[in-house]
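Chain residues, written in single-letter form:
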Amino acid sequence: MEYVNIALPKGRIGEMTAQMFHNIGLQGWESLKNSRKLIFTDEVNKVKYFLVKPSDVPTYVEYGSADIGIVGKDVLMEECKNLYEVLNLGFGNCKVVVAGPKELLGKENNLNYKRVGTKYPHIAREYYEHKKNESVEIIKLNGSVELAPLVGLSEVIVDIVETGKTLQENGLVVLETIAQISARVVVNRVSLKMKSKGIEKIIEGLKKQIQSRAG
Amino acid sequence: MMKRYKKHTPEGFQDILFLECFRKRRLEDQCRNIFRTFGYVECETPLLEYLDVFEGEFVSSEAMYKCFDQKGRILVLRPDLTIPMARLVGSRVDMKKIPIRICYVDSVYRFNESAGKPKQIVQAGVEFIGLSTPEADAEIISVALETLISCGLEAFQIDIGQVDFFKGIVEEADLKESEIEDIRRYIDKKDIPGLEEYLDRICIDEHWKDILQQLPNLYGNFDSINQLREFVLPKRSRDALNNIESVYRILQNRGFEKYISLDLGMVTRLNYYTGIIFRGFTYGIGYPIVSGGRYDQLLGNFGTASPAVGCSHNITEILMALERQNRVAAFVEHSVLMTASQELKTEIYFMARKLRQKGMIVEEVYVDEGKEQFYKEARKKRVRHAIYLESIDKVEILNVTNNSLRILEMKEMDKWGM
Chain U
7 MEYVNIALPK GRIGEMTAQM FHNIGLQGWE SLKNSRKLIF TDEVNKVKYF LVKPSDVPTY
67 VEYGSADIGI VGKDVLMEEC KNLYEVLNLG FGNCKVVVAG PKELLGKENN LNYKRVGTKY
127 PHIAREYYEH KKNESVEIIK LNGSVELAPL VGLSEVIVDI VETGKTLQEN GLVVLETIAQ
187 ISARVVVNRV SLKMKSKGIE KIIEGLKKQI QSRAG
Chain F
10 MMKRYKKHTP EGFQDILFLE CFRKRRLEDQ CRNIFRTFGY VECETPLLEY LDVFEGEFVS
70 SEAMYKCFDQ KGRILVLRPD LTIPMARLVG SRVDMKKIPI RICYVDSVYR FNESAGKPKQ
130 IVQAGVEFIG LSTPEADAEI ISVALETLIS CGLEAFQIDI GQVDFFKGIV EEADLKESEI
190 EDIRRYIDKK DIPGLEEYLD RICIDEHWKD ILQQLPNLYG NFDSINQLRE FVLPKRSRDA
250 LNNIESVYRI LQNRGFEKYI SLDLGMVTRL NYYTGIIFRG FTYGIGYPIV SGGRYDQLLG
310 NFGTASPAVG CSHNITEILM ALERQNRVAA FVEHSVLMTA SQELKTEIYF MARKLRQKGM
370 IVEEVYVDEG KEQFYKEARK KRVRHAIYLE SIDKVEILNV TNNSLRILEM KEMDKWGM
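Protein sequence lines, in the order shown, are assigned to chains U and F. Residue numbering for the first sequence is 7 to 221, as defined by the working numbering. Residue numbering for the second sequence is 10 to 427, as defined by the working numbering.
Hints are supplied without guarantee of correctness; some may be wrong.
As the list claims (entries may be wrong) - Derived pair list, reagent style SDA-like, types lysine to any residue, alpha-carbon separation capped at 20 angstroms:
1) F/K198 / U/T65
2) U/K214 / F/N226
3) U/K101 / F/Y207
4) U/K54 / U/Q186
5) U/K87 / F/T277
6) F/K267 / U/E8
7) U/K101 / F/L162
8) F/K380 / F/V409
9) U/K138 / U/N148
10) F/K126 / U/E168
11) U/K87 / F/S69
12) U/K203 / F/K267
13) U/K87 / F/F120
14) U/K87 / F/G203
15) U/K203 / F/G295
16) U/K207 / F/Y228
17) F/K424 / F/I406
18) U/K87 / F/V409
19) U/K203 / F/Q166
20) U/K87 / F/R193
21) U/K203 / F/R119
22) F/K198 / F/N280
23) U/K203 / F/G229
24) F/K198 / U/Q186
25) U/K54 / F/G293
Source of the hints: derived by calculation from the structure; they are not laboratory data. These numbers were taken from a predicted model, which means no experiment stands behind them.
Extracted from the complex, chain U is given alone in its bound form (with noise of 0.2 angstroms):
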């Protein structure tokens, strides 16, 4: 019988799911922690593991090296992959938004020319082309998008935001909210069709795992 592979995020999301498959009975997650090995194999459930960069986690998934993925729907949305997305996993939960210096709140249209610096380039255009239908210029960052504003390097910035401290403390603002974000399963969508039973077998417990959580 094949194996399903699943690639599994490193961080937050990726510990919280672990966590999740180990509840189900799917085992060896805590050796792929401690270890230096990339991959992890449960013989007993013919399942096997990765941990990957959570945003090349679509990527893995589309071309098939993984037949499952979990991966926060921001990731989602920004790559843009052809996935089946079929289970939300109901943590992780954040907001992608429109975060500017306080003085903006209420007058951020009165900009005539708005730079949005992001870490979420495609978000971006996607919400300022077809939702907003303004012209914005987009400046992709890699981390710390925050102090873009701060310096003059851009208007505002579009970024996710769980609390919302790191804005306080910088005296930065939700403009406005593009989209609710959380955990998802995706599936590449040959896998879910030849591989059918043992996918629909985790993809179930993990459903009732979330059903006995949220009950």
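Guided by the hints, dock chain F onto chain U, whose structure is given.
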């Protein structure tokens, strides 16, 4: 400045060499054979077409390679072959002769954002024009299955859907265009939570909501269709279910059950497809290797309207799948290297001709460095045999595979062969 690009092919376009080329041609010929034995007759259309042919929602304008002719008209490298075939049939074929079976094996060109992904794809496809019955639908799917089987793929599956089921529901539910498109996208991605959330937000009858929510999960066994029959359905959707069931029965009777699967949640290109829709998958490739369906509205754009159903196989991807599944054909060469001493050079040509007529590949060596050097070359080149004409009647043959030497008389050469 252009010299930078002298040694490269454009991104997404590959040279195809030797063995790979041989395999590609062989695959194309295998497809042609299957099509031919089903009665499909091959046609060719030009590489360049007017943009107008593809305009409309058939193909995204951004995906096409464009150029201009001398009069400033916009031309494109054909991104698809079904539409040119429809144009050909509409303008050149006597529609009184329906049903018509047409096939093609040719390249199409599509721009995509992915850096390395091929932009030149070879498609081998069939079109069955003139009949809108389940038999015609089942024939096209049968051709697709026979073609994939003959290609030698390990484990593949064809998913079958019916777009009219979805269209019937959204028509009755009286939804806006944008709402239909959003719902279609959620169903197509199997985003069940997303779909639920969306349907809760918009104004839609509970009845239709329940049915639409079933769709992303309606894949796998064809019996799942019975779940839908429990609902009160509009006529269009009921007809769609009857159609897909009939097609399934026909394929089941032909022994294709293990290759086919249901997917009523397959709702793509709704402006193009009007009935049955299907896609084939295999291991190693993330995209469909064959796709097709019924498009009864297409031919009317180019001439007399006529129902049509067809499909096309992506040869480029099938080749990749075969490679990844390690199911590629070995390059069997009946090859021979041949040379002779100076005086006998002419004789060699006649000997070679006889062997070539038997289907062997004969390469003549013109550099005369002596027999031993010649045999060394033959071993290096890994040919099957090396033939050295010693004298007008003495032929020395080295079997390179087992390193054995044979001496034959000229008259025995007629019987010699693999």
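Verification of the supplied hints:
Straight-line distance between C-alpha atoms of F/K198 and U/T65 comes to about 16 angstroms, which keeps the hinted pair within the 20 angstroms bound. The hinted pair formed by U/K214 and F/N226 meets the criterion: a straight-line CA distance of about 17 angstroms does not exceed 20 angstroms. With a C-alpha separation of about 18 angstroms, the suggested pairing of U/K101 with F/Y207 holds against the 20 angstroms cut-off. The hinted pair formed by U/K54 and U/Q186 fails the criterion: a straight-line CA distance of about 30 angstroms is larger than 20 angstroms.
Of the supplied pair hints, the one linking U/K87 and F/T277 holds, its CA atoms being roughly 16 angstroms apart against a limit of 20 angstroms. This hinted pair checks out: F/K267 and U/E8 have alpha carbons roughly 17 angstroms apart, not beyond 20 angstroms. For the hint pairing U/K101 with F/L162, the CA-to-CA distance comes to about 45 angstroms; that exceeds 20 angstroms, so the pair is violated. Only pairs whose Cα atoms come within 20 angstroms are accepted, and F/K380 paired with F/V409 is accepted, the gap being roughly 14 angstroms.
Distance check on the hinted pair: U/K138 and U/N148 sit about 24 angstroms apart at the alpha-carbon level, beyond 20 angstroms; violated. Distance check on the hinted pair: F/K126 and U/E168 sit about 37 angstroms apart at the alpha-carbon level, beyond 20 angstroms; violated. Only pairs whose Cα atoms come within 20 angstroms are accepted, and U/K87 paired with F/S69 is accepted, the gap being roughly 18 angstroms. Annotation: proposed proximity of U/K203 to F/K267 holds, straight-line Cα distance about 15 angstroms (limit 20 angstroms).
For the given pair, U/K87 sits about 16 angstroms from F/F120 by alpha-carbon distance, which is consistent with the 20 angstroms threshold. A distance of roughly 17 angstroms separates the Cα atoms of U/K87 and F/G203; the hinted pair therefore holds under the 20 angstroms criterion. A C-alpha spacing of about 19 angstroms is found between U/K203 and F/G295, which places the hinted pair at or below 20 angstroms, so the restraint holds. Annotation: proposed proximity of U/K207 to F/Y228 holds, straight-line Cα distance about 15 angstroms (limit 20 angstroms).
Distance check on the hinted pair: F/K424 and F/I406 sit about 14 angstroms apart at the alpha-carbon level, within 20 angstroms; holds. This hinted pair does not check out: U/K87 and F/V409 have alpha carbons roughly 52 angstroms apart, beyond 20 angstroms. This hinted pair checks out: U/K203 and F/Q166 have alpha carbons roughly 14 angstroms apart, not beyond 20 angstroms. Proposed proximity of U/K87 and F/R193 is supported: the alpha carbons are some 17 angstroms apart, at most 20 angstroms.
Between the alpha carbons of U/K203 and F/R119 the distance comes to roughly 35 angstroms, so the proposed pair goes past 20 angstroms and is violated. This hinted pair checks out: F/K198 and F/N280 have alpha carbons roughly 18 angstroms apart, not beyond 20 angstroms. At roughly 10 angstroms between alpha-carbon atoms, U/K203 and F/G229 fall within 20 angstroms of each other, so this suggested pair holds. For the hint pairing F/K198 with U/Q186, the CA-to-CA distance comes to about 18 angstroms; that is within 20 angstroms, so the pair holds.
Taking the CA atoms of U/K54 and F/G293, the gap is about 17 angstroms. The hint holds against a cut of 20 angstroms.
Checked against the numbered hints listed earlier, the structure breaks hints 4, 7, 9, 10, 18, 21; every other hint is satisfied.
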